[in-house]
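K.L.:
The chain contents come next:
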Amino acid sequence: MTAIRPRAGIGGVGESAPRVDGLPKVKGEFEYASDLRREGMLWGETLRSPHPSARIRSIDVSQAAVRPGVRAVLVAADVPGRPRFGLDVKDQPVLAAEVVRYAGEPVAVVAADSQEAARQAIRAIAVDYEVLQPLTDMEAALHPDAPRVHPGGNVVRDVRILHGDPDAAAEVWVEGYYETGMQDQAPLGPEAGLAVPAVDGGVDLHVATQWLHADHEQIAPCLGLPEEKVRLHLSGVGGAFGAREDVSMQIHACLLALRTGRPVKMAYSRPESFSGHVHRHPSRIWMRHGARRDGTLVVVHARLLIDGGAYTSTSPAVIGNATTFAAGPYDVPNASLHGTAVFTNNPPCGAMRGFGAVQACFAYEAQMDRLAAALYMDPLALRLKNAMRPGTVMPTGQVVGGSAPVRKLIQGCAAMPLPPEEAAGGRDPIRLPGGAGNTSRGEGLARGAGYAVGFKNLAYSEGFDDSSQAWVRLSRDGQGAMAEVKTAAVEVGQGLDTIVAQIVRSELGVERVVQLPPDTAIGSAGSSSASRQTMMTGGAVQLACQAVRAELEARAGHHEVPDLIEFLDSPIEAVRTFHHRPTRALDGTGQGEPHVAFAFGAARAVVEVDRDLGLVRVVQLAVAQDVGRALNPQSVLGQIEGGSAQGLGFALMEEIDLAGGLVRNASFTDYLLPTTLDMPPVVSLLVEEPEPGMPFGAKGVGEPSTVVVPAAVVAALRAATGRALSRAPVKPDDLVGLRTFPGYRPPP
Amino acid sequence: MDVLLPRTLEEALEMKAAHPQTVPLAGGTDLMVDLNFGRLRPPSILDVSRLPELRVLSREDGHCFLGAGVPYSRITAELGEFRPLAQASRSVGSPQIRNRGTVGGNLGTASPAGDILPVLAVYQAEVDLVRPGDTRALAWDRFLLGPKRTAIAPDELIAGVRWKVFRGTGSFSKIGTRNAMVIAVASLCLVLDEDARQVRAALGSCGPTILRAAAAEDYLTAELRRAGSWDDPACRLGQPVIDAFAERVADAARPIDDVRGTAAYRRHGLRVLARRALAWALEDRRQGR
Ligand SMILES: Cc1cc2nc3c(=O)[nH]c(=O)nc-3n(C[C@H](O)[C@H](O)[C@H](O)COP(=O)(O)OP(=O)(O)OC[C@H]3O[C@@H](n4cnc5c(N)ncnc54)[C@H](O)[C@@H]3O)c2cc1C
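Line by line, the protein sequences are chains A and B.
Sequential numbering from 57 applies to the first sequence in our numbering.
Sequential numbering from 3 applies to the second sequence in our numbering.
Hints are computed from structural coordinates only; laboratory data are not their basis.
There is no bait here: all hints are sound.
The following residues of chain A were derived to be distant from chain B, with all beta-carbon distances above 12 Å:
(1) D144
(2) V354
(3) V739
The following label-pair restraints were derived from C-beta to C-beta distances:
(4) A/L188 with B/A20: 48 to 54 Å
(5) A/Q171 with B/P156: 27 to 33 Å
(6) B/V5 with A/G125: 19 to 25 Å
(7) B/S96 with A/D713: 21 to 27 Å
(8) A/G125 with B/P156: 27 to 33 Å
(9) A/E195 with B/S96: 36 to 42 Å
Partial chain B-side listing against chain A, Cβ under 10 Å, derived:
(10) Q89
(11) A90
(12) R92
(13) S175
(14) M183
(15) D260
(16) A281
Note that beta-carbon positions come from the ideal geometry of N, C-alpha and C, so glycine has one too.
Sequences and hints are given; from them, build the entire structure.
P.N.:
This is the structure we're talking about:
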């Protein structure tokens, strides 16, 4: 019998409650967006530009339109409303009209009776392009004579942060130049959705996304419909990692459904998915660190350049992050940090797990190791000496509030047990670098360990109020008490639905929690990004539960009663909205209070390298993470392991290979993700220092491991090989010395 | 698209003769990728995965016959004594791919990165091709004509491969940029054939098709003779000989730069693999392994 009594063991906060979506997912019964189906539905397909830069002279759809089974062929002129969309800046054409700015940009869409018919129709569309010279180098984009990707020039955003005296004198200097590649989120579920025309002339879109309301706000104006006639419903999301923040097939499917009066499904193939979403920004970073001889950091100079590709997307926020974090989680009294995001004719870049913090950490942690070497100091001692703490003034002038257990993380990470030494000979080669390839019996083997410390902002920054709304209803039926919850928050696989249920159970003391499907009928929950949903939607659910409980206790006359269920003759409901504390945008010298809160992490990687072949086996990853409070410890460990795997991939293999603006590896054959033989065991330490102002003191946990693991893995590779390795992902060529990068060169 | 489901090889051959455009499907681990990526739109598919005749593993007259439809997982389980073959099979894909993928499919695809192909090259294997009422055997290098090109006729199917069993040590190694499920950046298969007193080495992913390193083979065969090593496995070869062999292996490559690796790295990697493979082969024969 379900009673109303807060108690342990009912799957509340702090327990490793099993995932509510776990069983259906494991059994293959969970419906992902790509599984959506409707009687009489059509299939939509997209024609994309093969050129990174071209003028469209004409588009001839006549051959495509008369093919059997083809119901609609749409080009830019068929977009009834606003021709452009975008998360913040609406600069991306729904369908390209005059010019295409990247290879893969949508030019036309087709709806047909079958996917095959739609694909063939796409091939029958004739586009006459005047091919232009693409701008594909991020430094070249800054040149005054560079071709302009947009009329306003090639700078998306320029951030300058001046702090203290940037000309301060130091006793020891180190400088370095670093590069990182373009990583793909590679969610296993490609972009998919189903648009269903409605009797009121509107449309219902079922879609896998990260933020229903941000999609909604972009879709309705392009369709020329009032917002209430466009309704979004969340479909099963097969991973996101930032890839679903930007609109992909949403507007196209709605346009086709409205045009044909039939449900239209669009589901990208794997190669198309590489064109269907933004990627992690490639970066070039120049850094100079000055310190006193005792290791005290005096000043950091950083120049960061990131390639935003053809459209704005989230580049302004990503460069904001990269620049505000460029000095690392350290007490740095003087700094000059200058970051620029540029437009090029490369595929657009935007959100991906770590969001600008990953690139910065790769550079500043390499610098910390360099500085330690120059000072003949232990790299951990150097980090401990300078570690940020509550009260530290960041280069933006923001004072670190909340919890900041950086020293604890460093010490805890270093104290985790090292993997045992293993003899080189006598192993099954599958347990050596090269793995199943049988390339070694232990020859050329070297082991190395490396550390990295880093941090990431939680929730949205720079003055943004990304609030979340929740509705909770408590009622009673034949089986006892039941709580229903509704939010628009998206379960992307991170475990949010489970956390929401746990919060409800703890706050209301009921076991039975029913979650209603997320849609746009309720207020925004904000994005499932920036490690924010447990705090923000968790916070909203907590507030709504507390309101419900207050009402129930009022009914009970605030007396101690064994079970409040007897006062539940009529249901109680409440809607509440959670806001994080306000933040402040940066001013002209980069001063402000841009971030809500921070999550810190420290990682240690132990690697083995075959120094002759440049092959790698990561033996162990140890991650200490600042989690505020672990609401579901198992879920937190899962996030740390998954984030570590994505970080390892970034360090060793994951890179979109571009040649002249064209993606050369748009498949899982050549875009390599770590396998179980690449991913070692992860040992984790959860440091729990509650964050004030957040539900139960929880911090978001999705990103820190992705931020620190790449830097730690590459540091370990440096230790094993003695090579500088200034670019991630590290290739075998780098490890055997066939490819080298400049140690330093003057920034542009 | 129709799927033809023959029950016997004979039926399959009749169907193939009647529908020369039909494409055979064994494990489907190459074919389905081509279909999914829209690179292939055959009018029909001929499912050869159930044909008992293609799943034969047999030994007679000092030869081994490996049916075209035998999956890699069976090779690693049942043909362990052919060490390079078993090592190559274990290096293919993932467990799922090894349960489905076949040698016939590797030959049919004829990729320069096909991992079984360098093994067949050093085994000097013959490919058995069947058509209604007729069989012919083609040497591996007469069958593989170029990247994704073979000598198979439209009415033929691959029945299997056959090679002369020989005594000797050897290995297969493959370099890839992750530790499993990776297409070879470069691979090397080396055997020391004690019966023929001959060294054979073949390279994968280092040219438009599988390459034999003839100059390296001749050099090492002669050096082993000179050292008296064919008669006495305890005889050691000097490091300069091993290095010179490795150099010749690397010289046999005709690599290119592509998304999987650079030409310079491929040559470098082959040099390292050749040194290691030779050292292992010599060590193993000294140990009588
Ligand atoms: C994830 C993944 C990983 C892979 N990893 C590797 C790897 O590590 N190394 C590697 O070498 N390959 C790899 N492959 C490729 C593939 O698995 C192999 O080439 C395998 O040997 C193909 O065998 P199959 O039976 O699946 O062939 P299929 O896909 O069924 O057929 C391949 C070709 O051969 C033809 N064919 C098949 N059987 C016959 C026959 N009896 N007669 C005539 N023609 C025939 C088919 O018509 C087709 O053209 C991988 C593939 C995938 C999807």
